[in-house]
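Asker: Following the hints, complete the assembly by docking chains B, C and D onto the known chain A.
4 protein chains.
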Amino acid sequence: MNVFLNDYNDLCHEEVYKKLASVREKANIGYGNDEYTNRAKELIKRDLKRDDIEIEFLAGGTIANIIGISANLMHYEGIIAVESGHIVGHEAGSIEATGHKVELIHSEDGKLSADALEERLEDFTEEYHIVPKVVYISQTTELGTVYSYEEIKSIYDVCLEHGLYLYIDGARMAVGLAASGMDVADLCEVCDIFTLGGTKNGALYGEALVVVEDELKQNLRNFMKQRGAVMAKGFVMGAQFEALFENGLYYELGKKAYNSSLKLAKAIEETKIEFYQTPKSNQIFIIYPTSKIEKLREQNLFEVSPYDKENKALRFVTTYKTTDEEIESLKNCLLEI
Amino acid sequence: MNVFLNDYNDLCHEEVYKKLASVREKANIGYGNDEYTNRAKELIKRDLKRDDIEIEFLAGGTIANIIGISANLMHYEGIIAVESGHIVGHEAGSIEATGHKVELIHSEDGKLSADALEERLEDFTEEYHIVPKVVYISQTTELGTVYSYEEIKSIYDVCLEHGLYLYIDGARMAVGLAASGMDVADLCEVCDIFTLGGTKNGALYGEALVVVEDELKQNLRNFMKQRGAVMAKGFVMGAQFEALFENGLYYELGKKAYNSSLKLAKAIEETKIEFYQTPKSNQIFIIYPTSKIEKLREQNLFEVSPYDKENKALRFVTTYKTTDEEIESLKNCLLEI
Amino acid sequence: MNVFLNDYNDLCHEEVYKKLASVREKANIGYGNDEYTNRAKELIKRDLKRDDIEIEFLAGGTIANIIGISANLMHYEGIIAVESGHIVGHEAGSIEATGHKVELIHSEDGKLSADALEERLEDFTEEYHIVPKVVYISQTTELGTVYSYEEIKSIYDVCLEHGLYLYIDGARMAVGLAASGMDVADLCEVCDIFTLGGTKNGALYGEALVVVEDELKQNLRNFMKQRGAVMAKGFVMGAQFEALFENGLYYELGKKAYNSSLKLAKAIEETKIEFYQTPKSNQIFIIYPTSKIEKLREQNLFEVSPYDKENKALRFVTTYKTTDEEIESLKNCLLEI
Amino acid sequence: MNVFLNDYNDLCHEEVYKKLASVREKANIGYGNDEYTNRAKELIKRDLKRDDIEIEFLAGGTIANIIGISANLMHYEGIIAVESGHIVGHEAGSIEATGHKVELIHSEDGKLSADALEERLEDFTEEYHIVPKVVYISQTTELGTVYSYEEIKSIYDVCLEHGLYLYIDGARMAVGLAASGMDVADLCEVCDIFTLGGTKNGALYGEALVVVEDELKQNLRNFMKQRGAVMAKGFVMGAQFEALFENGLYYELGKKAYNSSLKLAKAIEETKIEFYQTPKSNQIFIIYPTSKIEKLREQNLFEVSPYDKENKALRFVTTYKTTDEEIESLKNCLLEI
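Protein chains in written order, with full-length UniProt numbering: chain A, 1 to 337; chain B, 1 to 337; chain C, 1 to 337; chain D, 1 to 337.
Hints may contain errors.
Claimed, not checked - Below are the SDA-like pairs computed for lysine to any residue, each with C-alpha atoms no more than 25 Å apart in a straight line:
1) A:295 x A:3
2) C:153 x C:255
3) C:312 x A:128
4) B:217 x C:123
It should be emphasised that the hints constitute simulated quantities derived from the structure, not laboratory data.
The following block holds chain A by itself, in its conformation from the complex (with noise of 0.2 Å):
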């Protein structure tokens, strides 16, 4: 069976697990105070190159977006997302349910644009408003797309003019950097908080949460017991991210998915199959016939959305475990069936 299910199906990579092997025969610290949560917070801060920047760990993306986002706000501010953006239709209302609303913005390629913020932000001028505070946009975005560097800088700029925060959710930032070619201490110059993806890119669990904004730092901890975001054994995720960091694992992995990722955008061109959007990342989305997807999953495991009558919007996902060998059979079932 070629896997293309998802980034998130297998236990972890080689490295994490036998790290947690190591952790095995000590009385650890609780709720992250231990030496291997120590040692992944000043690895990720060696590599951003930055020492006041605060770091935590999360057990999940909604999670961490919860916090990521809403960690500072007060009651009437809110929150500026493009409408297809993970927190505005797969977070079962998470940010509403902290009080604050999220304000949309339409954009064809899930990407939000600094001119399409700047416009948006006119809409929020009177006092029945709610106040505009937080920018939300994720690397890699929903639809599989990608911003360069230049691309997240002009929104943070139009943020900084107005007083607004820049979160990125980076539950696939190691793949954002591969395909971004950005270098993972430039995130830090363009945005006031994010987060670098565990979950997706090796990890058995977690997210870290990368605060660079003072005011954000505030009372964190509080904040995430509060939600119930603080982890008991949180040297489980300390360990997995020291490895993760200690050698640049993280960064290989994402590589690693995003390399497959262009192997596998080229069989697929190859077969002349239309891509629903065009291939940025490790998400690679197509127009398919309905009929034809039964036969397709007999080898293959991919997630299907509806697109029209006809057909249906397949998605294929590499990871850093996907091989050549899983790409080709993927082309040999697209061009037979």
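Answerer: Leaving out everything else, chains B, C and D in the frame of chain A:
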């Protein structure tokens, strides 16, 4: 070093670790729809002798309390708990953050009594009061005390009479079962919803939320998703709970911790040092001169909290890993210092 | 000066003012348990031809929407409304502040259609979506358009089929009744909960919230109290609504405002100036050159909103106080400027 | 009938009623941007001897508390109040509904002391605690007791030292000023935000929220709008407060109520009936045999609350309308029954 620090300082039990190994080579289905999670749920249902219950796995104790307590509450409904309840003083206002007030009852030993509950309910009769809806207790309590089956049943009878849900926080339920002599299946008879804590009983992380009452099952998964409580790699928890429940390991570990606590209580009794609370489970509290603590720490790990000008309350926690040598060694330290 | 500013610029209707005088010399019971409030409720029940409804009086439109919409919602439930809905863009995130997400439907004329609702509901099928529970519409709409009885009924049929509540924001219901030709008693047949706005129809302040559906009545007073919506001197609202409903004044004022709007629409039509929306009720919008607005303001009060580079959208509102002279004078201004 | 029921049973003071008449014939600007509201704000600023304060008018005491307390709170911040505080037991969980926990302090006389506050603050040092941010007191208290200027100042000193805001609920501030001998301008020196209650002192409804601290002024109007606290016809409140403050009527009515309370206290003292709390302001509580209450009610209006098996606590409230005859008559009833 004798480890009496807490019950969440090791990675996990060996059997749990082995089970994780078996997960490694598969493409697992996400969000808890995998085979491990399904088997774990079936195993727990077998032990609970009930097919009509819903079981969900949550990453930690606070998020489990948030989900279990506020699942199906209306805005005007509130919770009743004793002043020393974990949700009252140790979760940074997590329940209030869901919009619900926690009304307090004073208790000397950390336990709620049916009589105290009955009396307190008389305070909520007016439209300017919250409408009580959930009663929160924990087994074992924050002070290490333990409810008998009859005690919980009498609380539940009051709940049933007044249309309230009874929620039992079972972060330490494995020890609670051993200490109370209750069978796990008894729990379904005396409450509406409860947790079986894994984090403090051999898991890397994870609590099983068991929902007995039908009304509390409604759209529970949507609510979990909204609060960031659905794990993408749900199979990691599923596998752990399969390991804990397939051969009774969960209960066995609880008994070990409890048996060690009996030995520790006896050992301390022999030193004539005063207990802060009569020992009932694996958290044992003594009153100890502040001046001697530093010395005691040289060979022992434990937690300290305020007591009076010259003394502190020390907490010693036994776990399934506690050895007789550690207990003997601690006793000797207490005698000699 | 011709007053087309809005429908809430006068103190109150003369009959309302007189009624207040009668309250002066008594020791009235607080919190809406007084004789005036009781009589007002009975009068409204009489007109609605229903005894089994609950009526509460609330100080303003936004608090009435908050109470009426989120009264008995679970945390994971959400609201559906058109993009131009008052709760979407004019209440500073009031509904989201209760923790509930508002899902949007696009509409050109400000009205929701049964078909659009039916189609939109298909989007909420997964556990990572909110669970739709309340449909929000207003009669009249923000754009001055009006629902017919049949249109509301077809929306309500969809609601009933999907287990949703239909809430009608009736801030301008008096005009809505006149414009739609509906009898007030019809409302109980086609929705679960609605308001009869007083503020914009002759009261100093106050909206009657009418709860038809039994489930929405549960502990409604506690919820109102919690949101600061119970007035100590409830009798002040009770007296006003008694005045409005004892002799049909409420409907009469709505008809007057509506009849004036018909005249105003005809007058503007004669000027050949383009309408922004076809006039349907007492809010009439025209597209007008920005350059001429200053001059128009010399003799007329109205509101202005953005339209395009050279034009603005002007809103003229008629009320029960609007005179034929004002309409004639505005027409002349429009012709002459 | 002698009316000691409460201080919100009349329509309003004659001067307030007259002022409303003057509003009738104008087209007033909405949402509190009118001339009456502007003048009322200027008058209060004059009395407070401060130009740099923000004043907003809110419809009732609970909504004023919601707005004033949670205005600029972060999610993890909490409130400290005495157990008998109005927000604790009489507002149906209104503060918790904003997501913030209220931490309690025990008090025999309903007053918070600086020492008790200082001591209680020591409890909030860990990340699993809320971060205290607002201290709530009321002048006068729920038990009718009164703070001196020095007492409030000493509480405020503790607040300043710990970075807390002090909020004073002034639902009965007019009597509070009379009873404490404080000048209204003193308030700006000893707290960050407070209310001047109108509902219980001659208005139809309305509380003036006075914001001294700059941080609390940020986007206050947006927050008010979000909570349904902005009245469309704001001028109705503006006019009332103009009437109350243009010639010192507000203070005069408070003094009348207070002076009557002194007479009533003396009258009751002469009956040798036991007070529940030593009388300090216009709420006077006595302990009274349950068996005699029915008879007492024949000529007197008052409120009753539980005390012990054979007695109840009766509350007698004086207002600016209380007459010497009513006091004399009540005294005679108490003596004769």
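Asker: Now look at each hint and say whether the structure bears it out.
Answerer: Hints and how they fare:
The straight-line distance between the Cα atoms of residue 295 of chain A and residue 3 of chain A is roughly 15 Å, inside the 25 Å bound, and the hint therefore holds. A C-alpha spacing of about 23 Å is found between residue 153 of chain C and residue 255 of chain C, which places the hinted pair at or below 25 Å, so the restraint holds. As the CA atoms of residue 312 of chain C and residue 128 of chain A are separated by approximately 20 Å, the hinted pair is consistent with the 25 Å bound. In summary, the hint linking residue 217 of chain B to residue 123 of chain C is supported, as the alpha carbons are separated by about 22 Å, within the 25 Å threshold.
Hint compliance for this structure: every hint is met.
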